[in-house]
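S.K.: Line by line, the protein sequences give chains A and B.
Just so we're aligned, residue 1 is where the first sequence starts under the numbering used here, counting upward by one.
Just so we're aligned, residue 1 is where the second sequence starts under the numbering used here, counting upward by one.
By construction, these hints were calculated from the structure, which means they are not laboratory data.
Idealized CB from N, CA, C, for every residue including glycine.
Certain hints may be false.
As the list claims (entries may be wrong) - Heads up, simulated BS3-like pairs for lysine-lysine below, C-alpha to C-alpha not over 27 Å straight-line: (1) A/K339 to B/K152; (2) B/K69 to A/K261; (3) B/K100 to A/K87; (4) A/K78 to B/K100; (5) A/K110 to A/K174; (6) A/K363 to A/K310; (7) B/K109 to A/K59; (8) A/K59 to B/K100; (9) A/K45 to B/K100; (10) A/K45 to A/K87; (11) B/K152 to A/K363; (12) A/K59 to B/K12.
Stated by the list, open to error - Output of the computed footprint for chain A on chain B, the stretches with three or more beta carbons under 8 Å from beta carbons of chain A: (13) 115-124; (14) 137-149.
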Amino acid sequence: MHRRKFVKKGTLTALASIVGADIVFGKNLPIDYKLLGLQDPDPFKMFNKDSQMVVLNDKPWNIEAQAHLLNDTITPNKYMFIRNNGKIPEDIDLANWTITFDGESVKQKKTYSLDELKSKFKQYTYQLTLECGGNGRSEFNPPAKGNQWTIGAVSCATWTGVRLRDVLEAIGIKDDAVYIGYHAADTHLSGDPKKEPISRGVPMAKALQDETLLAFKMNGAAIPLAHGYPLRLVAGGWPASASGKWINGISVRNKVHDGTKMTGTAYRVPCNAVAPGDKVKDEDMCIIESMPVKSLITSPKTGAILKEGKSLDINGHAWAGELKVAKVEYSIDFGSTWKTCALEAPTNRLAWQHFSATIQFPKKGYYEVWAKATDSKGIAQPMVLPGWNPKGYLNNACHRIAIKIS
Amino acid sequence: MENKEKVQNSFKQIRHLAIGIFCVFMAMAVMLLYLLVDPTLSAFKFDSGKKATTNEYVSVPESDADFDKIENGVHVRTGFVEGDGLMLVVNNCTNCHSAKLVTQNRMSKERWLATIRWMQETQNLWDLGLNEEPIVNYLATYYTPTEEGRRKNLNAIEWYELED
Chain A
1 MHRRKFVKKG
11 TLTALASIVG
21 ADIVFGKNLP
31 IDYKLLGLQD
41 PDPFKMFNKD
51 SQMVVLNDKP
61 WNIEAQAHLL
71 NDTITPNKYM
81 FIRNNGKIPE
91 DIDLANWTIT
101 FDGESVKQKK
111 TYSLDELKSK
121 FKQYTYQLTL
131 ECGGNGRSEF
141 NPPAKGNQWT
151 IGAVSCATWT
161 GVRLRDVLEA
171 IGIKDDAVYI
181 GYHAADTHLS
191 GDPKKEPISR
201 GVPMAKALQD
211 ETLLAFKMNG
221 AAIPLAHGYP
231 LRLVAGGWPA
241 SASGKWINGI
251 SVRNKVHDGT
261 KMTGTAYRVP
271 CNAVAPGDKV
281 KDEDMCIIES
291 MPVKSLITSP
301 KTGAILKEGK
311 SLDINGHAWA
321 GELKVAKVEY
331 SIDFGSTWKT
341 CALEAPTNRL
351 AWQHFSATIQ
361 FPKKGYYEVW
371 AKATDSKGIA
381 QPMVLPGWNP
391 KGYLNNACHR
401 IAIKIS
Chain B
1 MENKEKVQNS
11 FKQIRHLAIG
21 IFCVFMAMAV
31 MLLYLLVDPT
41 LSAFKFDSGK
51 KATTNEYVSV
61 PESDADFDKI
71 ENGVHVRTGF
81 VEGDGLMLVV
91 NNCTNCHSAK
101 LVTQNRMSKE
111 RWLATIRWMQ
121 ETQNLWDLGL
131 NEEPIVNYLA
141 TYYTPTEEGR
151 RKNLNAIEWY
161 ELED
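Pulled out of the complex, with its shape left as it was, chain A reads as follows (with noise of 0.2 Å):
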């Protein structure tokens, strides 16, 4: 008699990390068989997000968060944007998951299983701020080509893994090793096998910080499918491309890696400031690293009404890329005078500080609250539009909120 294959164990609790819930049965299914739940074109269904989220592009797909759905201190992942660049890998295969160090500059290539990697090396947890290098794009004159991001390309959830360093360490590397490079599962949108939709990493110094983690755990979970499960690069602070999903590889470069998407004009800017709309030679972008302070209104959410004399209570976050935010004020006179809010210090490095004030507005009327957070350098976010860049990166301009007093 011929027997039909089943589903093994591993790819069973790989599936339930996918669809959220245990899958009663599971046992019985068939090997290709696809779960409804899989198959469903409801994104937020799909990938357990709040109705609120909104969806710039749903192929890839791409879904950003609304100022108010983050005024969580920990971003859970149904308010977490999603940003892809090529295909979400389809039927990944736990228990055979390995990453794969080479390039350059190791002194010898090696394979881990994620089991070598979690039992080999310890484990930390941080709380990590990952924007988007083009949130905020929307807002650049002349428009800038890509997905559309307003505000809500960012978030802060708590990751676990084990550090790259520890890896890297283990592994040896050459004293020439400049760069690291991620390499991924996901599939090109034009199904080219041998295109990467996106291989970008960062320099050794970042590479080697404590924070950066080749992480398996977000909020205490597995990594939910559209975030990297079962493995993904976390990288704080620097544009969230560098911080690469379901990757299976790293090389250790001795140049700048040339990953899609490091070189020309992806993920960087001009190296000295241009005029809006002026072309830039690719010779004269430079890579983005470190993103810029910045912060968001979390509550109230816009558009608030309140009876003249209540007082208002805001509250939201500062972050401010590889450095602390020193201080959050805001206004509610156009930027002509700012109050300070009172700042909690971050619960580790590279996570965003809570900021918090009460306001009280003089009389009637329409007002916006803007908030402007600075540096630990003394570098504040701009009021307007900061230097416009061919592909719009780096907005940093304050976040404002409308509220009237009736």
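With chain A's structure known, arrange chain B on it following the hints.
M.R.: The following block gives chain B in isolation, referenced to the frame of chain A:
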């Protein structure tokens, strides 16, 4: 006694007549009911009967029309604005990526063309041939930048009463 027999006979005749009339009425009722269901008596037209039943299963081209339906000047399936070159754009620009990647962008003719060149050089987009010009014209007409200054007004605000 004779009288009694006569009465019985006439009762019998009346009963037979009544049964006869009842049967005629019933037959007419059945025919009328049948006519309600099949007014053309198609079940009795043996030659055309087959045709009529098979006709019921001929596919209607309605779904094809729905596939590229345009409502309020928008191509429903993709969200593209109706205009010259629409179907060329649909057929050439939504194979790899979503139409949303196009419709959320605003570029000049020159930059749309540069984007096409970039996709041809790096993303496996094919040569558009004679379709290139109408495609670029469509994009630069309906998805063209507008001057918006250094910072926009806050817009699309949904006002709500803030409770304590």
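S.K.: Against this structure, judge whether each hint is valid.
M.R.: Going through the hints against the structure:
Our distance criterion of 27 Å between C-alpha atoms is met by A/K339 and B/K152, whose separation comes to about 24 Å. Between B/K69 and A/K261, the direct Cα distance comes to roughly 37 Å. Violation of the 27 Å bound is thereby established for this hinted pair. In summary, the hint linking B/K100 to A/K87 is supported, as the alpha carbons are separated by about 16 Å, within the 27 Å threshold. Simply put, A/K78 and B/K100 have alpha-carbon atoms about 22 Å apart, close enough for the 27 Å limit, and the pair holds.
Our distance criterion of 27 Å between C-alpha atoms is met by A/K110 and A/K174, whose separation comes to about 14 Å. With a C-alpha separation of about 10 Å, the suggested pairing of A/K363 with A/K310 holds against the 27 Å cut-off. The suggested pairing of B/K109 with A/K59 holds, with an alpha-carbon distance near 24 Å, which does not exceed 27 Å. Between A/K59 and B/K100 the CA atoms are separated by roughly 8 Å; this keeps the pair inside 27 Å, and the hint holds.
Taken as a hint, the A/K45 and B/K100 pair is honoured in the structure, with Cα atoms around 20 Å apart against an allowance of 27 Å. Distance restraint check for A/K45 and A/K87: the Cα-Cα separation of roughly 18 Å lies within the 27 Å cut-off, and the hinted pair is therefore satisfied. Taken as a hint, the B/K152 and A/K363 pair is honoured in the structure, with Cα atoms around 25 Å apart against an allowance of 27 Å. For a cut-off of 27 Å, the pair hint linking A/K59 to B/K12 is broken: about 87 Å separates their Cα positions.
Proximity of the segment 115-124 of chain B to chain A, defined as three or more residues with a beta carbon under 8 Å from a beta carbon of that chain, is established by the 3 residues found. With 4 residues bearing a CB less than 8 Å from a CB of chain A, the segment 137-149 of chain B meets the requirement of three and the coverage assertion stands.
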